[in-house]
Amino acid sequence: MDASKKRPILFITGAFVGNNCWDEWISFFCAKGYACSAPPWPYKDASPAELRSRQPDPDIASIRLAQLTDHYAEIANRYTEKPILIGHSIGGLMVQLLLQRDLGTAGVAIHPVAPQGLLTFELSFYKSTWHPLGLFTDSDESYLMSFEDWQYIFTNGMPYEAQREAYDRFVVPESKKVSRDGLTEAAHIDFAKYHPPLLITSGSTDHIIPASLNHTNYMKYKDSRSITDYKEFEGRNHFVLGQPTWREDADYILNWLESTTV
1 MDASKKRPIL
11 FITGAFVGNN
21 CWDEWISFFC
31 AKGYACSAPP
41 WPYKDASPAE
51 LRSRQPDPDI
61 ASIRLAQLTD
71 HYAEIANRYT
81 EKPILIGHSI
91 GGLMVQLLLQ
101 RDLGTAGVAI
111 HPVAPQGLLT
121 FELSFYKSTW
131 HPLGLFTDSD
141 ESYLMSFEDW
151 QYIFTNGMPY
161 EAQREAYDRF
171 VVPESKKVSR
181 DGLTEAAHID
191 FAKYHPPLLI
201 TSGSTDHIIP
211 ASLNHTNYMK
221 YKDSRSITDY
231 KEFEGRNHFV
241 LGQPTWREDA
251 DYILNWLEST
261 TV
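Everything in the sequence shown is counted per full-length UniProt numbering, starting at 1 for the first residue and increasing by one.
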């Protein structure tokens, strides 16, 4: 595809990590001729180490999903042409919410948090979400994932040294309210409505967002006029953006975008 005709890419970060999780992806897609950006969440415009030093952070604790989706909607609206939206985890849910508003030319939801009403019976999902949701804790206090939880939720199956390096490099405090809002109307998708092309990807070893849940999300889309595709990658955990295999995923997404978008 002619670089002059390529749409810009807006990367949308998920929960628990800083927007620096996209650094390699931005370099990859920029080298392919795309203009890329990964703006931070509100109150997270600092390094992960700096944000961790502020824990507990009442500003981060106050973030809600509807506010966050509006934040990225405002950014998407600043483009002179509709961007491609690529998001991970709750960022993948926001990709779906923004496509529902027709704010992107195409979307890629990488291991997305499921929209309202979609659940799974996978035990790993409930074990992974128990602490982040903090249902019996103060929602006005931000949540900082422990290294032990990080090992289970994000980096399962990876060597200890890689888990530790990734934790120190990426982990940030998080809003419990954002996680809880995934169960509310703020996460509602009209699956019967027309939407721009959407690719949902999943990982076979993801604990917090099992592949079966992503597949259920994919199968819910009903509009026959819309392009909705699904791909499960073997051996991917929730740290999919930083695993050694990330480039294979990026290549697949690139090929999908260039064969799907105009």
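Fair warning: there could be bad hints in the mix.
Said to hold, decoys possible - With a straight-line cut-off of 27 Å between C-alpha atoms, the simulated DSSO-like cross-links for lysine-lysine are:
#1 193 - 82
#2 231 - 32
#3 6 - 127
#4 193 - 220
#5 6 - 32
#6 193 - 231
#7 82 - 5
#8 127 - 193
FYI, nobody ran anything at the bench for these hints, they're computed from the structure.
Status of each hint after checking the structure:
no., hint, in the structure
1, 193 - 82, "holds (19 Å)"
2, 231 - 32, "holds (22 Å)"
3, 6 - 127, "violated (41 Å)"
4, 193 - 220, "holds (11 Å)"
5, 6 - 32, "holds (9 Å)"
6, 193 - 231, "holds (22 Å)"
7, 82 - 5, "holds (12 Å)"
8, 127 - 193, "violated (33 Å)"
Violated hints for the displayed structure, listed by number in ascending order: 3, 8.
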